[in-house]
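Asks: One letter stands for each residue in the lines below.
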Amino acid sequence: MNSAIRRLAVAAIILMLALMANSTYLQAFRANDLNGRNDNRRVRDAQFSVDRGAILVGSTPVAQSKPSNDRFEFQRSYPDQIATAYAPVTGFYSYLYGRAGVELTYNSELNGSDPSLAFRRVVDVLTNRRQQGASVSLTLNAAAQLAAYSGLSGKKGAVVAIEPKTGKVLALASRPSYNPNDLASHDLDKVGATWKKLNEDKTKPLSNRAIKELYPPGSTFKLVTAAAALSSGKYNPDSKVRSPAFLELPQTTVGLVNEDRKNCGGSDNATLTVALRYSCNTAFGTIGLDLGADALREQAEKFGFGERQLPELGAAASRFPADPNAPQTAQSAIGQFDVQATPLQMAMVSAGIANGGDVMKPYLVQNVKTADLKTVSETKPESLHQAVSPEVASKLTQMMVDVVENGTGKAGRINGVQVAGKTGTAQTSPERPPFAWFTAFAPANDPQVAVAVMIEDANVPRTDIAGGTLAAPIAKKVMEAVLGQ
Amino acid sequence: MSIASTSMIQIIPRSRRGVELMLLIIAIAVSVGAYVNIGLTVQDKVPASTGYYAAGIGLLALIAHLALRYRAPYADPVLLPCAVLLNGLGVAMIHRVDLGLQAAAEAAGREPRGPAAPQQITWTAVGIILFLVVILVIRDHRRLQALTYTAGLAGLVLLILPLVPGLGVDINGARIWVRLAGMSFQPGEFAKLCLVVFFAGYLVVKRDVLTLAGHRFLGLDLPRARDLGPILIAWGVSLGVLIFEKDLGSSLLFFGLFLFLLYVATERAGWLLIGGLLFAGGALFAYSTFGHVQKRVADWQDPFQEVGGQVSNALMGQAWGGVLGRGLGQGRPEILGFYGQSDFIISSFAEELGLTGMIAIILVFTLIVERGLRTALGCRDIFGKLLATGLAMSFAVQVFVIVGGVTGLIPLTGLATPFMALGGTSLVANWAIVALLLRISDQARRPQTPAAPVSDDTIAMAVQKQ
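Sequences listed follow chains F and A, in order.
What the first sequence shows, in numbering that gives the first Met the number 0, is residues 0 to 484, in sequence order.
What the second sequence shows, in numbering that gives the first Met the number 0, is residues 0 to 465, in sequence order.
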């Protein structure tokens, strides 16, 4: 009997060892995984009670945590007058609905749990100080951001401005917007009601039009087509391009017409410069047919199409259609058919041309610093692609300056500063108003800022909608803000 | 006795009561320390109830100790301190969750539920009284052998009790409670005790026929079909418990205990094989037939598919505790509500004391089981051996089933964590079980009277000489 009892004793020890092994796996190895879950109330409550770092523009906080006298020790707050302007960037910090924007992607830095802050945390524990999160400095230019936001007043649309040399995002605005304070409130019933209202709102205030929504870029895409044409070596700015009033397309009975239903600037064979100046559809359709879809797509991808940018905010990837036939290629060459771009992408096209053809990787976070101002990380400018050669870039710049000085982009002119730009008006369906676009950079000889403006809806008569009249004035204000004018 | 007696371990007869007292003082100090710590962390003051608590745990433990000195001086010195430590920590954690639930209720503007810790201290007192009764009244565990069939009958009645209409109540989907005169208790906890007595007594009588008759098959000695009777009955009863009372844990416990004792009595692994197959068959049948079994298995495979589920919540609590724990009073065990002090109390410990505390607690349980089995090894009579084995293994199975369920090792089945979980019946029954183990160990470790006519060893030597 005793040998059987001994075996049972061993079996009992094995059972207990299994419990210990499983607990070890759970509490030592699986713990991080479980603590990272969104539905983990303990972690959420604890994080909600942390002195979270600020999100800064210059030295001004656009998001900060203030002590609060309720069950959570801190209240996340966004300065009232500018909260809605910065909402697409800061995102929100909600107990019930999680986080968005920089609040989401820089969460571990902001709440101090990031591995890079481990040393700081140990010091806090040893000195018996409360854990403090790191602050995140944005690359945004406050004046440009507010100019962009107020420029969009009363409209649906978005603005993105970039510093061409570095890729720093200077402005990123989307309207209509929302007030993140309403979602960060500790009054959870109110938060729930706000969330429901925002989600049911037909104007989609929660959608980030600057980077997450895709729109037909219309004529602004002609910059890409022109870049492909110049890069091919077959064209230069003075090359004559067939540009009749009506361009027949192969395999189909429909064709392309110019906006004014006439030929291009009085000629059936306008130069490339003139074609861009008046944004002639038939001329760029001709180029598209000549170069073919693959050349266009390659050029678009060099400007960043097909890639997601700004991991901070998770931008959508712009796209050029996969396998268009000849007429579809012609339409794609003028930014119609299935070409889809974000305002960020079109700003990158201008910025790339402005920077001698070198498209810089856009970024939004300049640095992360601990509560005692030690830098944890600093973003360095990084080249994304050489989209065109410096020669081609300089030719494109001249053509874009011509657009603003003599062509469709006159509304983008700034006193004493040479502006290079391109307008766009994109049709989608007859039922909805076209999208008005303008993308530009300035000054043309030493670019400090590149900008793209997209107006989805402005409550104006359909005939009044054109990139030049609607979008260019906003771009102008943003560029002026950056240039300090 | 058989030749197997030669392997009986020799225990040098020393009473070791002084060691027990030392260990007891440590156990009480740790428990009271935990209680005070919780008060200091949660309320910034030493709890006003500390005196009541310290007296409850400390005095009761000392009374139990004195009873052992008086009536069972050679009893195992480790069992009582282990039980006191677990009981004391359990009450402290119940108090901790009380405080958490109160704060949560106040925050939500609800009327807080009355505290459960004082109840548990009262039940501890009842448990110690029963402990004293067992130690003082049962002077020799062998007398229980006479009650074999009475105990069996009592066990069955207790098992069936919750099914009696008007008496049994459904709580959380399991019908294992009886409500009588405003008090509710779980008869299954005492059925466990009665059934172990019955199994042990029955097997003492039947072990020869179960051991000797049978055929060899595939290298295993298999019993005869008609000798399968008792195992089939045990299987049937435990299946009945599962089906009618939806109590997976008890079902596993009863069947497991019977099988272990059968194995110890006969030393034939064939029984384990047959039992294992029967258990697998029963489990498969239950899984394919009953929704609540399927749900338990599904919740085990993916605890997070159940929104707001207890297991997922407990897992997150344990993860939150990590290796070193949040610290007593600094976790959020009240998130599990009432379960944080009853079925899931072990998860509350894991959250606040971390993996370190969890392993320490499991080790204390392991100590109880192994000291119990050591008592069985040292015991001189077969009935005592079987009884001690059954009682010790009941702790092992129970701890494995509930802790394994809470930590996600096996599907969750509702069993109380011995000595710790909130609940009077379980606590009282466990104190009775420890008392019995101590009673047997006193017998096992007591110096053999020189007047004994023939010792087992003499017989063994005589047999060897032949």
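What the hints contain is simulated information worked out from the structure, not anything from laboratory work.
Incorrect hints may have been included.
To be verified - When the alpha-carbon atoms are kept at most 35 Å apart in a straight line, the in silico DSBU-like pairs for lysine-lysine are as follows:
| no. | chain 1 | residue 1 | chain 2 | residue 2 |
| --- | --- | --- | --- | --- |
| 1 | F | K164 | F | K233 |
| 2 | F | K360 | F | K164 |
| 3 | F | K211 | F | K379 |
| 4 | F | K373 | F | K203 |
| 5 | F | K195 | A | K294 |
| 6 | F | K65 | A | K294 |
Asks: Please go over all the hints and tell whether each is borne out by the structure.
Replies: The hints, checked one at a time:
1. F:K164 with F:K233: The hint holds at about 29 Å.
2. F:K360 with F:K164: Holds, at about 10 Å.
3. F:K211 with F:K379: Roughly 24 Å between the alpha carbons, so the hint for F:K211 and F:K379 holds.
4. F:K373 with F:K203: violated (39 Å)
5. F:K195 with A:K294: Holds: F:K195 and A:K294 sit about 33 Å apart, inside 35 Å.
6. F:K65 with A:K294: violated (45 Å)
When held up to the earlier numbered hints, the structure conflicts with 4, 6 and fits the remainder.
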